[in-house]
Amino acid sequence: MIVEQQFLRMRPAVDFCSLRLVRSREEIIHVRQDILQPVVTGHDTGAMITITDNGGMGYAATSDLSSEGLKAAIEQAWTWAKCSAACSVIDFRKVVMPKYQGDYRSHVEKRWDTVPLSAKIEIARSECARLKTDDRIVDWDALLWFIEEEQILLTADGGRVSQHLEILIPGLSVTANAGSETVRRSFGGFDLGRQGGLEILDDIQYTQQAPKLSAEVIQLLAAPNCPTGVMDVLLDADQMYLQIHESVGHPLELDRILGDERNYAGTTFVTPDMLRNHYQYGSALMNITFDPTLGNQLATYAFDDDGLKAEKVFIIKDGILQRALGGVTSQTRAGLPGTANSRASGWNRPPTDRMANLNLEPGVFSFEAMVGSIANGVYMKRNTSWSIDDSRNKFQFGCEYGRRIVDGELREVVKKPCYKGISATFWRNLKRVGNRDTVQVLGTPYCGKGEPNQVVRVGHATPACVFGDVDVFGGE
Amino acid sequence: MQNYFNELANFLTAQLKGDEIFTCTFSGEDSNFVRFNQNLIRQAGGVAQRNLSLDLIQGRRHAPGNCTLTGERSQDESRLAQILDELRRKLPHLPDDPHLLYATQVNSTEQLGENRLIPATDAVQQILAAGEGQDLVGIYASGGIFNGFANSLGQRNWFSTYSFNFDWSLYHQGDKAVKAAYAGFDWDDKVLRAKMDGARNQLAILAQEPKTLAPGQYRVFLSPVAVYDFVGLLGWGGFGLKSHRTKQTPLLRMIEAGATLHPALNIRENTAEGVAPNFDGKGFSKPEVVTLIAGGAYRDCLVSPRSAQEYGVPTNGASPDEAPDSLDIAAGDINADQILERLDTGVFINNVWYLNYSDQPACRITGMTRFACFWVEGGKIVAPLNVMRFDETLYRAFGDNLLGLTVEREIIVDSGSYGGRSSKSGRVPGALIKDFNFNL
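The listed protein sequences correspond, in order, to chains V and C. With the working numbering, letter number 254 in the first sequence gets 254, and the count goes up by one each step, no holes. With the working numbering, letter number 160 in the second sequence gets 636, and the count goes up by one each step, no holes.
By construction, these hints were calculated from the structure, which means they are not laboratory data. Quick reminder that beta carbons are idealized off the backbone N, C-alpha and C, glycines included. Please note that the accuracy of each hint is not assured.
[Unchecked claim] Have a look at the derived ranges for each label pair, beta carbon to beta carbon: (1) C:Asp662 x V:Lys110: 33 to 39 Å; (2) C:Gln601 x V:Ala284: 51 to 57 Å; (3) V:Val230 x C:Thr736: 32 to 38 Å; (4) V:Ser126 x C:Gln587: 43 to 49 Å; (5) V:Asp113 x C:Asp911: 54 to 60 Å.
Given these sequences and hints, build the entire structure.
Here it is as structure tokens:
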């Protein structure tokens, strides 16, 4: 490729230099209230040059991929490397950057481009139409969001990693109103995306969701508020993913532990000593893995954006903390093991420590057995509200849909189920972990962090779980 | 850059066939971003990006697309021709769009910023010098931001600004820190040092034994920054016409149940005094002011062109998300030197964090205190506060329980940079509130 050849020809005499070239394309089909919204087609192409030299590091991102553009980017990155040489958080000569050769492609069975646009529109249109079943339904929509991304990471010393991703993010939502009360049920969109093609719609039973959502939103409209009290909660996978994301994933990011994020995304209650001293993060039922190699998850890849080879590792095993989430630079700075998770949101942002696929391994309990184990509690489904402190400790989450559990039986629907807790102790009250039948492969395309700000895609596969002694409450 | 955009718009106009027309927007930036941790550089670099969004329209059918631009004319013209061809092929497969609306009255404007920035490397050296001996963490961002609009009817709009935004914290230890910001168009090392000294002075208070509050209701003072974040959350669905008509607005009880806020509360989208462009993505000019809440009662909505067409009302040039870009909350009558005395005993909240609706129809908002928040007794700061979670409705906090707003207002320039550097800003007072609910 011309850009690669130009880069190799221009590579400067520095300690390390890389080119990360990203081309992405997206198409969004969105039908709202049975009206097709503008079908947006996006193309994004650019490159980032990274240089380390004499202990400093600098980068430059540009959408100008001409030889002049690359030359200017190299000069700018080099200027910043020189400027930071004597005043960086680490002498970058100590960071051994990876030099791999390899590639990765998403497994795709039914390619987006092989299905005519009109047919894809019809899928969204027909599912949208099925959502409007009652006059009290005031808004409803269906989404198919396709992303294709090709990235080439080239190092001046011979590394070359090529990765090609195809992603589908489907969604449905329905909103109902009565007077000053409005409730919502939704599926996907915010919490469900996978690598692959349109076969994902079959995998997730996309065309079977609308009637259930419409029925549930009307149920919610007439439902009482979730009760207040300390009780057990049974969190379905579409709330568990968020619980894992906010109270396990973010606290364990090594750049937070190193303090990089303290001005924006925040610090963490996790310390290097906890990592060295086998801190008990949760009950013995808690097994968290970092697994960027798993099938069709949203953040599956073979190499991170620094070129480090991705491998599955346990982050928490039998409740005991094993390691943090940090790429090669953070690992060197902290003197701690990490993971291949140095990731950027695109060509115009530098990689930082992010989650990729962070999963809770399944346990042995069926959904029915978990319900049966609860004398007094609430079943909660689908996250709708999330907030956690800057140390990732005091959290409060809310869900769209709940049901009381009394004496081991699912009872009436309750609206606005919320719960609050503290990460450092919450996971120690993990009482039951659902079996493989309760697992859902979820994730979000909207994980925000970093300065400058970046949104990346992360995957979370998780079963439903029971937690004990949880502070539960409802709406106003 | 303005000329380049106009040349591309002329190129696009020449490529049209038959009764086709187009609208397009340009966004670009030449930015420097330097991250700091422990008063050392964590990551330093530059981002040069240009993006063009194009909407090809034929009758009521239209196909939008966007692409990055290289800045090299022949390459970009080739790329735009490909996009145009792709959109043209798509048009026959698309139905009429009943909600399409774009400006047909030509109204060309330009707002040209002057580049008075010092070299970013110089600013960084001054920051490192000013922060010497401190645990400074944050980001310096600077450079040009460019926005344009054009259509095949001949309209051309251009906006450019050259600004800096240094957003930082000084840490004492753990999560105890002072947050500060310095943003503008003319960098002055003396101003930086004065702000750094101010932050450093507050650090001394953070060294004292922190106080942990029991959950309950407390008298609080929200700084202007905290008010900007608390009321700013309403930008998430609160003021948009679509969210009102679909009953999803967090202000639902104001439009359905007659709820009101404190009569002292006046909220406006003040484009005239903000730093954002005064035109939208469909070619409409934004009015100088849109009054959102007047005397505590709901007044007008922000209306995007699409919502305007859908609901049959005039647009006021709002963005597709119908959120304020230039939030303006009117001043009150509490002087700055009276704040601690009026607070008497309670919590001085400098910053809040991670706000979200915990009950959206009731506009109940949860979030955390963050950075330098203090416990005040008898009008004197006595201890830093360990972080607390609040869960409180807008109707209580800025309704019956609002004791007053400050005379002095702070200009807040958004330091956000998702996708590109933000042009949002606010001009807001602080707020004294009783019985503010902390729950964790």
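Self-check item: Distance restraint evaluation - C:Asp662, V:Lys110, Cβ atoms, bounds 33 to 39 Å
Solution: Roughly 57 Å apart at Cβ, these two residues miss the hinted range, so it is violated.
Quiz item: Cβ-Cβ distance between V:Asp113 and C:Asp911: within 54 to 60 Å?
Solution: 59 Å, holds
Practice problem: Starting from the hint 51 to 57 Å, judge whether the C-beta atoms of C:Gln601 and V:Ala284 obey it. | Solution: 53 Å, holds
Practice problem: Evaluate the given range 32 to 38 Å for the C-beta pair formed by V:Val230 and C:Thr736. | Solution: For V:Val230 and C:Thr736 the Cβ distance comes to about 36 Å; the hint holds.
Practice problem: Confirm or reject the claim that V:Ser126 and C:Gln587 have a C-beta distance inside 43 to 49 Å. | Solution: Between V:Ser126 and C:Gln587, where Cβ atoms are some 46 Å apart, the hint holds.
Hint compliance for this structure: hint 1 alone is broken.
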